[in-house]
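Chemist: Chain by chain, the residues:
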Amino acid sequence: MTDPIVSPLVFKWFVTLMTGLVAGTWFFWDAIKLGQQMKKDGRDPTVHDKRFGYGIGILIGFIGVWGCLRFHGVV
Amino acid sequence: MAAVVSVTPVTALRVVSPYNPANAVTASRFFTLPFFVWAVHTEQRQWATLFIVICGLLDKVDGLVAKIFDCRSAFGEMFDAITDGICYGFCLIICAAYGWAPTVPVIFILVLGLANSALRGVYAKRAGRTVNYKSYAMERIVAYTGYLIGFATADMEVSFYFWLFVPLMLVIVIHDAKRMLIDAVPGALR
Chain W
1 MTDPIVSPLV FKWFVTLMTG LVAGTWFFWD AIKLGQQMKK DGRDPTVHDK RFGYGIGILI
61 GFIGVWGCLR FHGVV
Chain F
1 MAAVVSVTPV TALRVVSPYN PANAVTASRF FTLPFFVWAV HTEQRQWATL FIVICGLLDK
61 VDGLVAKIFD CRSAFGEMFD AITDGICYGF CLIICAAYGW APTVPVIFIL VLGLANSALR
121 GVYAKRAGRT VNYKSYAMER IVAYTGYLIG FATADMEVSF YFWLFVPLML VIVIHDAKRM
181 LIDAVPGALR
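Residue numbers (my numbering), protein chains in the order written: chain W, 1 to 75; chain F, 1 to 190.
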């Protein structure tokens, strides 16, 4: 159990896809959920919490994708 | 406006034994820690990544198991949150100790994590019962924490991800602090 499991290239793409796909999906999913919450009454604390949470989710998704692009020297 | 705060409706759950399949899955996450330490100590980055992925996946599986076996409980939710904190906190410390993660952001993350735990304790006291404050933002940042360890083990844009994490978590903790300390607690016993 001391040898690498896969080649460095495969590993690099594995962590990229594990991050990029989840972060990208997360970005769009929370954007949709945020859009749904924007139609509701923002004075309701539950709605407020959801909006804040989905907003943070969008930001995290963006950071995740951006990091993947940096990892591959795209940006 | 009447205060309607988002909390997990644990009070409505039936009483279940703490020795149930979901909690067993949650507890099994601790078994990944010795292997993680071994992998970091021997500089096996791929193995270290694998063990943190397993730890993260088990976090998702326990919720599924709880639904399948209908064994959700207040204790289970608290145990899950505590296990998150211990496993991820421990792995972050190990990564920082071995120079795989930047020390300063790790210290910030641990301090903010402890502060959040203390706030949850105060919130439970205000509620007068075992209750887990449901924060949509914190759920997302906890997932990000799991990924942070993966970024450290995979040596993937470590500084970028760690330093961006700190202000995000700070904003969330401040936001949740207001909700837990100042806003009304629904169904408080006292």
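Everything labelled a hint here was simulated from the structure, so no lab data went into it.
In this text, a Cβ means the ideal position worked out from N, Cα and C, and glycines have one as well.
Hints are supplied without guarantee of correctness; some may be wrong.
[Stated by the list, open to error] Quick look at which bits of chain F chain W covers, simulated, 3 or more residues with Cβ under 8 Å:
#1 17-31
#2 144-152
#3 161-168
Chemist: Would you mind marking each hint as holding or not holding in the structure?
Modeler: Hints, verified against the model:
1. With a threshold of 8 Å between beta carbons, the proposed coverage of the segment 17-31 of chain F by chain W is violated, since 0 of its residues qualify and at least three are required.
2. Counting residues of the segment 144-152 of chain F whose CB lies closer than 8 Å to any CB of chain W gives 4, so the stated coverage by that chain holds, three being the minimum.
3. Counting residues of the segment 161-168 of chain F whose CB lies closer than 8 Å to any CB of chain W gives 3, which reaches the minimum of 3, so the coverage claim holds.
In terms of the numbered hints stated before, the structure departs from hint 1 and from no other.
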